[in-house]
Every structure is written in structure tokens, then in C-alpha cells.
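**Student:** Going down the list, the sequences are from chains A and B.
When the letters of the first sequence are read in order and numbered with full-length UniProt numbering, they come out as residues 1 to 441.
When the letters of the second sequence are read in order and numbered with full-length UniProt numbering, they come out as residues 1 to 441.
Hints are not guaranteed to be accurate.
The list makes no distinction among identical chains, and a pair is therefore deemed to hold if it is satisfied within one copy or across any two copies.
Unchecked claim - Taking lysine to any residue and the SDA-like style, the derived pairs with C-alpha atoms no more than 20 Å apart in a straight line are:
(1) 347 / 365
(2) 72 / 183
(3) 72 / 23
(4) 72 / 188
(5) 72 / 187
(6) 72 / 194
(7) 328 / 291
(8) 72 / 195
(9) 366 / 214
(10) 89 / 7
(11) 72 / 189
(12) 72 / 186
(13) 127 / 44
(14) 127 / 317
Quick caveat, the hints were computed from the structure, so don't treat them as lab data.
Listed below are the residues making up each chain.
Number of protein chains: 2
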Amino acid sequence: MTESRQPRIVIIGGGFGGLSAARELRRAQARLTLVDRQNHHLFQPLLYQVATAALNPSDIASPIRRILRNQKNVEVLLGEVTAIDLEAKQVVLPEESLQFDYLIVATGASHSYFGHDEWASFAPGLKSIDDALEIRRRVLFAFEAAERELDPARRHAWLTFVIVGAGPTGVELAGALAEIAHHALARDFRHIDPTQASIILLEGSPRVLPTYVEPLSEKAREQLVAMSVEVRTGQMVTAIDAEGVSVGPERIEARTVLWAAGVAASPLARSLGVPLDRAGRVRVNPDLTIPGRDNVYVVGDLASLDQDGKPIPGVAPAAMQEAVHAAKNIERTLRGQARLPFRYHDKGSLATIGRAAAVADFGRIKLSGLVAWLAWLFVHVLFLIGFRNRFVVLFEWAWSYVTYDRGARLITGSPSRRLVAEPEDREPESIAGTGKGVGDG
Amino acid sequence: MTESRQPRIVIIGGGFGGLSAARELRRAQARLTLVDRQNHHLFQPLLYQVATAALNPSDIASPIRRILRNQKNVEVLLGEVTAIDLEAKQVVLPEESLQFDYLIVATGASHSYFGHDEWASFAPGLKSIDDALEIRRRVLFAFEAAERELDPARRHAWLTFVIVGAGPTGVELAGALAEIAHHALARDFRHIDPTQASIILLEGSPRVLPTYVEPLSEKAREQLVAMSVEVRTGQMVTAIDAEGVSVGPERIEARTVLWAAGVAASPLARSLGVPLDRAGRVRVNPDLTIPGRDNVYVVGDLASLDQDGKPIPGVAPAAMQEAVHAAKNIERTLRGQARLPFRYHDKGSLATIGRAAAVADFGRIKLSGLVAWLAWLFVHVLFLIGFRNRFVVLFEWAWSYVTYDRGARLITGSPSRRLVAEPEDREPESIAGTGKGVGDG
Numbered sequence: 001m002t003e004s005r006q007p008r009i010v011i012i013g014g015g016f017g018g019l020s021a022a023r024e025l026r027r028a029q030a031r032l033t034l035v036d037r038q039n040h041h042l043f044q045p046l047l048y049q050v051a052t053a054a055l056n057p058s059d060i061a062s063p064i065r066r067i068l069r070n071q072k073n074v075e076v077l078l079g080e081v082t083a084i085d086l087e088a089k090q091v092v093l094p095e096e097s098l099q100f101d102y103l104i105v106a107t108g109a110s111h112s113y114f115g116h117d118e119w120a121s122f123a124p125g126l127k128s129i130d131d132a133l134e135i136r137r138r139v140l141f142a143f144e145a146a147e148r149e150l151d152p153a154r155r156h157a158w159l160t161f162v163i164v165g166a167g168p169t170g171v172e173l174a175g176a177l178a179e180i181a182h183h184a185l186a187r188d189f190r191h192i193d194p195t196q197a198s199i200i201l202l203e204g205s206p207r208v209l210p211t212y213v214e215p216l217s218e219k220a221r222e223q224l225v226a227m228s229v230e231v232r233t234g235q236m237v238t239a240i241d242a243e244g245v246s247v248g249p250e251r252i253e254a255r256t257v258l259w260a261a262g263v264a265a266s267p268l269a270r271s272l273g274v275p276l277d278r279a280g281r282v283r284v285n286p287d288l289t290i291p292g293r294d295n296v297y298v299v300g301d302l303a304s305l306d307q308d309g310k311p312i313p314g315v316a317p318a319a320m321q322e323a324v325h326a327a328k329n330i331e332r333t334l335r336g337q338a339r340l341p342f343r344y345h346d347k348g349s350l351a352t353i354g355r356a357a358a359v360a361d362f363g364r365i366k367l368s369g370l371v372a373w374l375a376w377l378f379v380h381v382l383f384l385i386g387f388r389n390r391f392v393v394l395f396e397w398a399w400s401y402v403t404y405d406r407g408a409r410l411i412t413g414s415p416s417r418r419l420v421a422e423p424e425d426r427e428p429e430s431i432a433g434t435g436k437g438v439g440d441g
Numbered sequence: 001m002t003e004s005r006q007p008r009i010v011i012i013g014g015g016f017g018g019l020s021a022a023r024e025l026r027r028a029q030a031r032l033t034l035v036d037r038q039n040h041h042l043f044q045p046l047l048y049q050v051a052t053a054a055l056n057p058s059d060i061a062s063p064i065r066r067i068l069r070n071q072k073n074v075e076v077l078l079g080e081v082t083a084i085d086l087e088a089k090q091v092v093l094p095e096e097s098l099q100f101d102y103l104i105v106a107t108g109a110s111h112s113y114f115g116h117d118e119w120a121s122f123a124p125g126l127k128s129i130d131d132a133l134e135i136r137r138r139v140l141f142a143f144e145a146a147e148r149e150l151d152p153a154r155r156h157a158w159l160t161f162v163i164v165g166a167g168p169t170g171v172e173l174a175g176a177l178a179e180i181a182h183h184a185l186a187r188d189f190r191h192i193d194p195t196q197a198s199i200i201l202l203e204g205s206p207r208v209l210p211t212y213v214e215p216l217s218e219k220a221r222e223q224l225v226a227m228s229v230e231v232r233t234g235q236m237v238t239a240i241d242a243e244g245v246s247v248g249p250e251r252i253e254a255r256t257v258l259w260a261a262g263v264a265a266s267p268l269a270r271s272l273g274v275p276l277d278r279a280g281r282v283r284v285n286p287d288l289t290i291p292g293r294d295n296v297y298v299v300g301d302l303a304s305l306d307q308d309g310k311p312i313p314g315v316a317p318a319a320m321q322e323a324v325h326a327a328k329n330i331e332r333t334l335r336g337q338a339r340l341p342f343r344y345h346d347k348g349s350l351a352t353i354g355r356a357a358a359v360a361d362f363g364r365i366k367l368s369g370l371v372a373w374l375a376w377l378f379v380h381v382l383f384l385i386g387f388r389n390r391f392v393v394l395f396e397w398a399w400s401y402v403t404y405d406r407g408a409r410l411i412t413g414s415p416s417r418r419l420v421a422e423p424e425d426r427e428p429e430s431i432a433g434t435g436k437g438v439g440d441g
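One chain only, chain A, in its complex shape:
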């Protein structure tokens, strides 16, 4: 063990946080191990575009191994961390444990169904590539099922899409679904008119994009309504099942429900044995270490830290800034210097709604519509990892923009059980015999 004098740094998670930390430590005299249960880094802000058939998975995901190929002091491990043993300084995986001197935990967050985990199978959320492909499958299948359905009420339920939660992801999904229905699929069916689909966006708080300033929320609402999205704010979901959603006494029959509401921190947080906030996030010290352990850092969506009396938001730029800061604090420690407190610099927020529709808040400058959308486009393509992805994504977008088409309209994988339509008593010649015969088109 001749190399044992080099400190060992383990990073858990290959998202924006974990990857930023690894890169920041590229010159560190240390041996880094980055562990992730996926083999790829995911550009999560564009995940809704995979869910809505505009982009392919590999347009927004890149193997972590390839990204870090040339950084010789890091090794990448595909594996799921099951626990962290602070006393033994070990990260525990099913088949092995990794010894660490310094640890950066950047495992992020997943959906929270507010105690209603039984809703998960009826209303999938959007965190991974597999989530996105499942949503894509459900959305595309719903139109196929509606095309075959003769009963008007059931057909309407297939053509009703409910999105729960009007944060950035919910708004993006609603806008993209409206575009699919009104443009991409408009002319492809014979028995249904996809433009008649209902896209309903439900939000518990009084306005969409509740973390944005009020005028931008209003702009976003206007742009959604212009795209025929039904926006309902101040409405709490009380039940979700395979047939639809209940909002208090009201019932919405909908075969496709998407979840874009609560956030729950990764369960790994619990094994740290330190205080968590209500969403399960780790309450970190100002220098991003955890209470009582000056060699263990938590960054990104898993970390909970207030600044100027407000929580630092769970967005990619915050995760990246925190990760870089944690890495710098480790380097300072290695050089015998004191750790510094973290300070978040808010560079602004952007949310897109659809074609040439977005809102942007850069502090004093607030934009909406085409200009905001161009800013959004620029920022997102700029930060996409790797030239190849940038180029392909730009081409796909330009193509979609000009043709209104969506390239990735594939139903793949095994449909989950609820996608199977109930048996019907359709007459043998019913399709040929409906009023909307194929000769009419």
C-alpha cells in the first residue's frame, strides 16, 4: 500500500453536484472515487423533452466515465450506496465498502407524494431517463387508446392529461403536452382530433411558478392559457387512481396523470444520523459540512441551508456552486487552511413554457415570451455537456421548430399494467362502420 499517503475522497452522485466536485478536484493530490447508480450524468433541465418525445435519452445524458475520462485522479464506480458509516469512514455498497478520508454526498432528491406513495404508480414523476420514457410511453399510448375507444366519455378520459404541480417542471410538461396535441399529432389520427385533448395543470398554491416573482407567474399563466392549457391554481389533489384525479369534491376523469409536485431528499440522508429538515434534507453547516463531522460534506438538493433568512433553492446552479465550494474546502483542509462559509450567488432563473414562450428573472431584468425563450435556449445548449450533444439537440430543436414535429415518438418497453384498456364489447365491424370512416379524411 505504497500509495496510502494520498487522501481518499469519495463522491456519491454523478449529477450536477457530484460532477462539479470531481472536476474542481482535478488537480488535488488525492484519489477520488465517484459512485453513481446510473452510468450516465443527466442534464435534468431537459428531461421533460425526453418525456415529451422531442429529444432522445442520449441527447441529454452522457456516460460519467466518458466525461471524466481524462481526469486521471478519479475512478468511476457503477453502484448503489446503501449506507454511510461515519464512524468507520466507509461508504457501504451491496458488495463492498469504500474507505474515505473526505466524503461529498450529492445524491439529490426524488419525488414526494406527501405521504400518498400509492399515487406513484398512477402519477409518475420525472427524475430519471426511465421516468421520462415511462411518461412518453403513457402519453403516446393514451392517444392510441383514444383512437380505438368508441365510448365518448372513456375517449375523453384518454384525451385528458393532468399535471400535478406548476413549478418549472410542471409548466414545461404542460406546455410540451399542449404542443404535442395541437401540432405534432394533429393530423395523424382518423377517429380522434388530438387538438381536442385537455391539458390540465393543477397547482396547490395561488399561482404557477410560485418561486418566481408575481408578474412572471402571471406572464407564464397567460402563455399557458394561450396554448390552451387549463390552469387551475389553489387546488389541492385529494386522490389519484387509475381513472383520474379528485380535487376535493370534484372529479377529473383522466387516464394520464403526471406528478411534478413534492420533492423528497434521498433516503441516504437518514444514515448520516444528523438533523434533517421536513423534506428529509440534511441541515448543513455554513461551510457545507455536517454537524460534528468536518470531513463530510452534503451539497445540492440533499442539503438544506438558509441564506439571508431564505432557503437556498434546489436548482442546478446552487448544486454546482455548493459542490465547487465543498471541493475547495477539502483542498483548503489538505493545505492546512481553515474552511470557508458558502455563499450562493443567484444568477437568475429561467422556465420555458413552449415555442417562443418562457419567463426569465435575472434580478433587475425580467423577461417573458420570445426573448426569455431565446435566453433559455442559449443557456441550456451552452451548458449541455459535450459538443456532440449540443449539436444534435440544436438540430432536433430547429427541426421541431420548423416542422412542429417530434422525433422521438416511440412507444417502447413493457407498458405498465394500467395502460391496458379494459375489455370492450365493440362490434366486429365497428371501426369500419363508424361515422368517421377512413374515406372521409
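Fit chain B to the supplied structure of chain A, relying on the hints for placement.
**Tutor:** The following block gives chain B in isolation, referenced to the frame of chain A:
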């Protein structure tokens, strides 16, 4: 039922055959229904490129609905045909039946494990997008598992890839796997050297590409060997399990086995109640109708027909020619003319092996190497459906060609059970402590 005088034509299958038939019938005074269990047409000749992470699913697949969007006399139905009732002139789906006056069956073929269906889970074949993604997952995961494996024998088994069958698909897969190991992944790992991977191509007959003329088989073998593929001809597989392959008394320890051998016709053939050949294909009349039914046609891989004493091969051009011919015979019947016998025009065959490596047989002109590869490239891009796909595919190829990289290196979906490595007794600090420490690179 005012439209009932228009004849109803049902086409089962949206592959090369079904789609060609539908297009040929675009001016027919008839109501067409095309049924497929997938929502997309698949450009199957490039499927191995999805399996080997070079292309995305949507690069080679297009929604059938979109392809036929502007053909108003056809409707597209997503559904799986379970039986054909010739007496009642009905195509039976789980929830309904479709009445037909004329029927074209173009459901193709899937893998045959020569009576060893238990091999299917150990050695997946390549027919659908889901097959391709499963193969991609296994191949990429094998390198990840090898990276974590400390036992040399088990590591070698993870780095051994066996392809059973050296027809065009087997040859393409072997070549692409060799490129992945030697180029795309070469620099990405710390503990293994992907260029040491063994790619073994097993073929029961005496030469690779057995349907090609002997000099081209030899050229193909040479090009494979130059890419470090181990080519073993005249070797019959006698057993396959989770740990490897047996070839008679010899045992090959391999964690990844791919099946590119036998072909079995779609089981739907049986419900026609007419004579089938050994592979389950329907023995059609020279006019492509089935014995005893002059309104039912079978085309493509599901049809068995000899010409000049030789069977017409199960390739895309044959399927398309047969489909067009069947459509023309239906149109002739509608006009009161006699049906004509089918004649296959062999325009040549092409098989690709890797970068600038291919063989081509255009009758008198036989090519190999770069020229054959350029011919292959030209033909395949030309026939890809839709401009968008062509452009993206060309870009992806050019990118891969220049950078040796592969864009779609994502492990997604649930790994199947056999991918889970056995428990190991690795020491806690083993990764940091191996001779190939991360500081060495």
C-alpha cells in the same frame, strides 16, 4: 353504412412489407387498416447500431402513423393480432375483430433457438428496439462489472462476448463490439483494459455469411480477424447458461452471449391453417396468395416461396417487392383482372463489418473493404425513412467515425436478473488498495 361498397383491406404488420403494401395501395378505392403491435416502423438493418450504442432508437424508427399521415385511405391501429379467422374474414385482436375483404399478412419472423427456448434469457436476439436496448444494457454493464471484479477468471468472463451465428446480423454485431472495446471504451476504465476483451463469433456452417459467395465470406472473415474478432466456424453450440456457452466438449466462460442464429416465423402463421415449412413459414402460391384463399396474401419473412429451385431470401428488398406485388394483385382483382405470379429481382446483398469494412455482392460486381462500406452507407442512408432521420444518422456516423466515440452509451431500464454480479468478499479498502491504483494512470 353508406361506405360499405368500398372493399376493406387489412394489412397486418408495419415493417418493410406492410408499409410497402399500404403505400402501393394509396390510390386504391378501398379502406385500408394497418395493424401493428408497435407504434413504429423499424429500419431493422440498422438495429444492431442501437444495440451497440452508436444510434438512438428514434434514429431508425418512425411512428407508422406519421409515415402514413397523408394517405387518407388508411387507418393505423396499435394492437396485437391474436388470430385470423379465414371463414369469417376477420382479424382477431384481444378487444375487437376487424372485418376484411382482402388481407395481407406481413408479420415477419423472430428468433428461433432450435428447440432450446430456455436459452432465450441468456442469449437475447435482436428483432425489436427493446431487444436492442437490452443488448446495449448487457454489453455496457459487462464492462462496468469487469471494472469492479477482482477475480481474474471472473473478470475475463465479463470481458468475453460470444455471438452465436455469423449471418449478416452476427457479423455486424461482432464488428461493432470489437470497435466498442478497442476504441469507444479504450480509455475510460482504471482497472481493466477494454481492448483485452474477447469477441468470439460462433458459426455452425463452415464459413461466415454462408448465404454469400465463398470469396466474399473469406473477405469478411479476414476483415473480422483484422478487428481482433475470434471467428470460429463449423462449431455448434450445445448449451448456453448464465455463465457461458458450451461448444461440444469445450466450454467458453462468457457473461454476455448474443443470439444471431435461427429464424422462426411469426406464430400467427399457424392460425391460417395452411401448410407451413420447417421454420413455420407459410408456403404461398406463386401469386403470393395462400392455398385455397385467393383474397389472403402472405409476404416478407413469413412467406416461403421458391424461385428457380432456390428459396427467396428473408431480406428487406424481397419483403418490399412481395408486398408491392400483393398490393398490385389486389388492385388487379378489384379491376376484374387476373392475378399475376411474383418474380423476385435480386438487386444484390450488402453486409457491413465495421469502419470501412464490408462486403457487397451486386451479381457480377463483388466488392469488399472501403468501397463496399461506402456502398452500404449510401444504400442504408438512402432508404432510411424521413429526411430528419437520414440527417441525424449521417451526423452520428460522421461523429463516430472521426472520434471513435459512441453517442448512446446509456444503461437504462431495469437490468435483468443475470446482470447482478454474485456477492464478493472484497476487502473494504480493496479498490483503493489494488495495484492498479487511480494514481497510476
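**Student:** Now, for every hint given, state plainly whether the structure supports it.
**Tutor:** Do the hints match the structure? See the list:
no.	hint	in the structure
1	347 / 365	within (11 Å within a copy, 64 Å between copies)
2	72 / 183	between (48 Å within a copy, 18 Å between copies)
3	72 / 23	within (11 Å within a copy, 55 Å between copies)
4	72 / 188	between (51 Å within a copy, 10 Å between copies)
5	72 / 187	between (53 Å within a copy, 10 Å between copies)
6	72 / 194	between (52 Å within a copy, 17 Å between copies)
7	328 / 291	within (19 Å within a copy, 79 Å between copies)
8	72 / 195	between (53 Å within a copy, 18 Å between copies)
9	366 / 214	within (11 Å within a copy, 71 Å between copies)
10	89 / 7	within (12 Å within a copy, 76 Å between copies)
11	72 / 189	between (54 Å within a copy, 10 Å between copies)
12	72 / 186	between (51 Å within a copy, 14 Å between copies)
13	127 / 44	within (7 Å within a copy, 31 Å between copies)
14	127 / 317	within (17 Å within a copy, 42 Å between copies)
Violated hints for the displayed structure: none, as all numbered hints are satisfied.
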